[in-house]
Amino acid sequence: MMRLANIYRLGVKELWSLWRDPFMLVLITWTFTFMIYIVGSAMPEALLKVPISIADEDDSPLSTRIVSAFYPPQFMAPVPVRLSEIDAGLDSGNYTFSLDIPPYFQRDVLAGRSPSIQLNVDATRMSQAFTGAGYVQQIVLDEVNSFVQRYRTNTVLPVDLEIRARFNPNLTHAWFGAVMELMNMVIMLSVVLAGAALIREREHGTIEHLLAMPVTPGEIMLGKIWSMGLVVLVASTLSLQFIVKGALGVPIEGSVLLFMLLTALLLFSTTSMGIFMATIVRSMPQFGLLMMLVVMPMLMLSGGVTPRESMPALARNFMEIAPSSHFVAAAQAILYRGAGFAVVWPQILALVIIGVVFFWASLAYFRKSISQMV
Amino acid sequence: MTFVNRGDAPVARMRNVSLCYGKTVALEEISLSVPAGCMVGLIGPDGVGKSSLLAILSGARVIQEGQVEVLGGDMRQTRHRNQVCPAISYMPQGLGKNLYPSLSVEDNLQFFASLFGHKATERRRRIDELTQATGLYAFLDRSAGKLSGGMKQKLGLCCALIHDPDLLILDEPTTGVDPLSRYQFWELIAAIRQQHPGMSVLVATAYMEEAERFDWLVAMDAGRILATGTPRELHESTEQTTLEAAFVALLPEEKKRGHKAVVVPPFVDGKDFALEARDLSMRFGDFTAVNRVNFCIRRGEIFGFLGANGCGKTTTMKMLTGLLSPSEGEALLFGHKINAKDIVTRQRVGYMSQSFSLYSELTVEQNLVLHARLFNVPEADISARVAELLVQFGLENVPAVLPNSLSLGIRQRLSLAVAMVHAPEMLILDEPTSGVDPVARDNFWQLLIELSRRDYVTIFISTHFMNEAERCDRISLMNAGQVLVSDTPAVIVNKRGMKNLEEAFIAYLRDISPADTEVLSEEPELVADPNEPRAEVPAVHRHRRIFSFSRTFSYSRREALELLHDPVRLTMALVGSVLLMLIMGYGITLDIDNLSFAVLDRDQTVFSQNYTLNLSGSRYFIEHAPITDYADLDLRMRSGELSLAIEIPPDFSRNIQRDMPVKIGAWIDGAMPQRAETVKGYVQGIHREWLINIAKTHYGKNLALGAATIETRYRYNPDVKSLPAMVPATIPMLLLMIPAILTALSVVREKELGSIINLYVTPITRTEFMVGKQLPYLVLAMLNFLLMSFFAVTLFNVPVKGSFLTLTLASLCFVIFSTAFGLLASIFTRSQVAAIFFAAMGSILPAVRFSGMIDPVSSLEGVGRVIGEINPTTYYISICRGVFNKALGLADLQSSFIPILLGGVVMMGLSIALLKKQEK
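Heads up: the protein sequence lines correspond to chains A and B, in order. Per my numbering, the very first residue in the first sequence carries number 1; after that it's consecutive. Per my numbering, the very first residue in the second sequence carries number 1; after that it's consecutive.
The hints are simulated quantities; they were obtained by calculation from the structure and are not laboratory data. Hints may contain errors.
[Said to hold, decoys possible] Below, computed lysine to aspartate or glutamate pairings styled on EDC-like, alpha-carbon distance capped at 16 angstroms: (1) B/146 to B/286; (2) B/97 to B/752; (3) B/499 to B/470; (4) B/721 to B/593; (5) B/146 to B/562; (6) B/663 to A/162; (7) B/663 to B/651; (8) B/801 to A/91; (9) B/751 to B/919; (10) B/663 to B/647; (11) B/680 to A/160; (12) B/146 to B/106; (13) B/920 to B/752; (14) A/49 to B/128; (15) B/680 to A/162; (16) B/663 to A/160; (17) B/260 to B/450; (18) B/119 to B/107.
[Unchecked claim] Rough simulated footprint, nothing fancy, chain B against chain A, three-plus residues with beta-carbon under 8 angstroms: (19) 221-235; (20) 273-279.
Because the structure is a prediction, the values reported are computed rather than measured. Yeah, the Cβ is synthetic: ideal placement off N, Cα and C, and Gly gets one too.
Input sequences plus hints: build the corresponding full structure.
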């Protein structure tokens, strides 16, 4: 028999315990304010101050024009190099791109011989290599085309591709980074807080006290779940309002209430996970190490860092059972794309099912191992 | 020069020594001369400053104020401390506090012996001699954590004696040890003193009975010395027959106020049984903790339960409270069988566990109210009940105080008040008075007697103190899970014909463990000839080398053994890095494919379908069902189903043929900017190709030949695949994070467990300690590096193109840096949790964001740029990519080695500089 009154009182006790634990309070404040702000504001745009070098063997008006087309903030001012220096510059990682404009380039262009410029890309710099190469090509060709415009007419078909990015027209990276960091913190802290709440009881010997009282393991566990869940829910909502929307100026499209519902559902499963992990381990340090092994994959593979559809099938399918994947998918839909309940109900259903399964599994294990805890 | 004191010079002298912990005064203006060559006892309850005083004398703790001379020199001077340190031996408080529980008896002894610079053969001889004398010889292979309390203390003593000290300092060596082991321990000390008449022994103890036998005593209370002298002198000056009474008499007046001798009114036989145990047994695996225990307790009786730590007392009590279900047998509470699931019987029992275990984050009153509520005391009665308890237990002045700022005696009263909050009929108290001073203990007993005799509360209590046992109506003696005897104290003493309860118990214990006593009865020959080994020891004493490899390796060996015995840390170290490498290799993929797109085709001609086919034919895109209208487009983009939506306008085909300008619309989901950028690139490329193709097939124009062409060469990674670029970068990240976190635990663990004391009181230097700690983690990290390189090549198919030797060398330099960083984190912090947090935060963020792993350092701005420039990880990543992807060797990369090496040196230097050789 579970009694709501006991669940309520045990939860209030958890809140008091947390309130008087300065380490945890600092951790919560730090992660939900500074961490999110730092990550959100430090996230560079895909192309920002890209280092480029140019070997200009032509030294003509056209080549000068090309060199001067690269300027900050997207590119750093191009560094003039000799042809022989290109390899060393790329090897040492000084430049991501190196352009080689061959001799007599302008003459050949005007003669219609379609000469070729060599673009060397350091393809180990994944974040800049692909997108950047496209940009560099575009810039060079634009310069060449507008240079020859004066001499020849355009022969390109009049079919234009008009590309518009929805939900984030300028593709500002900070929008993505800040919200994703918030979600990561929600996942991480809920596991930490719930787990720490149980381990703290065990290290202080108070769990023994609780169990000698007329309360059931289910009540103890639910008391921790609701209180720690509430803390994370409140902290994340405040952070969304004041840090993400306020300090970082990220526009939030969808309903914050729906996002809170979604977070609450996620917290149900993640706090259960935290308690499960705290039941397995013997001490706080072990919990810390185990958390790294469990939470890191959840953060990396849930679609909050890179798109899930591009991951190997094994990782993609396995992560279906992680509540975080559904949370991240639905949260992105709500916060960026302004999706409503009609759009995200499949994820919400998945979260409910996963939450119930996780909760019962944790409770069963908690009940079973509780006698070994004292 | 030896430090043996001949003549009457005191072995230690203190003048006006004071010590504070924050606001708490531990020692106040202590002046004391400790006579040499005898057995000196420090008596007084816990927390009066005994341990602090001993720590100062041993050199483990920094002297804040006053003068301290030990073995004829000033302990403030590092030189003197270093010189006398091998002549002093210190055994801290707590069972096996300075031992390493996961190491075997042999390994523990080897560790201590090699710290003092003994050669291998000499070590063997000493270890064999000492363990034979103490009866530990048969258990050399057993891990220290699995020894009984008495054996742990004997091992501690062996470790303390391994280097023949002149001054032996023992801090409460017999607390929590059964009477027989206690007796044997003192016999052992006596035997050792016979062999070394010059050795001074300084012992702190809370057992007054033991102190009666010492040569000279120092009675302490509240950081001050109450009296000094031989036991006889103390008896005479206070006119008391027992030392305990003498001690109480010595206490200042305000402490004694309200104290009166405890008188137990006779027990009037109750009618019924409150508690019955029938063949109660508890097994954990092979280990039988409690074996067929039987007893009956009458209502209103005070029943005492005695026995050593780990003899099964606590387990029995847990079965009686329903915390544990017995493996066999049953327990009846007021005639009902106790069932772990039965919540109703819990209402009738109050339980107080060993040590203080209430919520230290809740105030006194909050604790009482919470427990009252959880025990279903009606809400209306709670405030009255709490107020009543506050008065009854003398807590009325402190309702809003947090328990940690109260003294131990008051906290114990609070625990009892909490156990009584629901007015139970039965109280189960597990060692409620350990560590409490005699006056507070007597006050506590007054409360118990009142509860028993006035309210007929049945009390089941376990204790170490014999005078408390004598106050019980009946007692049981327990050993190794079995009850040896159960009767009234007087009957037990008479049965054995002994003078007192303690001797009677020793007699009972001797009956069941003759083997143990035999060892002692053979007059142990501790050191064959006292002159012979001493002759060679001073050589070690005097010449303390600046850096000793043997001391360093003894720490490394110990650290490595500990690591091998800890499955969680070892798993983390080996499996953790490979697992995380797999996850990151796949997780931080910047390859973008399997993109979903759909078309809103409002032209529906061969031409427009050709455009769609062109997209769906690409390996990057997967076509979904066509879009019907704008509402459909909106919904499907919002749900995240489509990353790209293409809108082909009506009259698309006709306008193209007429050479009229047309516009195709492409909507990209911008929620993930990185993905959106890539999609944009793909679409533009495919669009251009289509144009060229159409121009050629339909108009015969060759558009491919523009004004100029660009030949793009993707160097080092021609397929522009994420894996070859990311895998070499995950190795540095993991080689930073995991060794740092593991090493961060190493020092702070010793701080938490107490074995850091060995750094303070043995001849090891700070550099040796640090390097010794670091070595095993270096080996482990290099193993990790090889493992990760192996997986990079085999599993991820990322070949090593350059010089692997260069990479290995760079990795070695880098892990020196990362382990040194971990050590630094470990020295800063006080708890293991804080250390993990500090090391993780300090390594992950700079490694992921500010080291060129994803974005090159040159593209960073502000603080991130500065961190990136000075971060050795940046340079290690460029070496990794250089070797893995760019086929470079040592000659090309040597400039990157310098910052890595520099980082390691700076971190190590800082760690050594910040490490304290004495406790503050």
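Outcome of the hint check:
1. B/146 to B/286: Given pair residue 146 of chain B, residue 286 of chain B holds - Cα atoms ~14 angstroms apart, limit 16 angstroms.
2. B/97 to B/752: holds, 10 angstroms
3. B/499 to B/470: Holds: residue 499 of chain B and residue 470 of chain B sit about 13 angstroms apart, inside 16 angstroms.
4. B/721 to B/593: holds, 11 angstroms
5. B/146 to B/562: The given pair, whose Cα atoms are some 15 angstroms apart, holds under the 16 angstroms limit.
6. B/663 to A/162: holds, 6 angstroms
7. B/663 to B/651: Status holds; Cα separation ~11 angstroms.
8. B/801 to A/91: The hint holds at about 13 angstroms.
9. B/751 to B/919: holds, 10 angstroms
10. B/663 to B/647: Holds. Residue 663 of chain B to residue 647 of chain B sits at ~9 angstroms (cutoff 16 angstroms).
11. B/680 to A/160: Holds, at about 14 angstroms.
12. B/146 to B/106: Given pair residue 146 of chain B, residue 106 of chain B holds - Cα atoms ~13 angstroms apart, limit 16 angstroms.
13. B/920 to B/752: holds, 15 angstroms
14. A/49 to B/128: This hinted pair is violated, its Cα atoms lying about 70 angstroms apart.
15. B/680 to A/162: holds, 10 angstroms
16. B/663 to A/160: Since the Cα atoms of residue 663 of chain B and residue 160 of chain A sit roughly 5 angstroms apart, the hinted pair holds (cutoff 16 angstroms).
17. B/260 to B/450: Between residue 260 of chain B and residue 450 of chain B the Cα gap is close to 14 angstroms, so the pair holds against 16 angstroms.
18. B/119 to B/107: Holds - the C-alpha atoms of residue 107 of chain B and residue 119 of chain B are around 15 angstroms apart, at most 16 angstroms.
19. 221-235: Violated - the region 221-235 of chain A has 0 residues with a Cβ nearer than 8 angstroms to chain B, which falls short of three.
20. 273-279: violated (count 0)
Of the numbered hints listed earlier, those contradicted by the structure are 14, 19 and 20.
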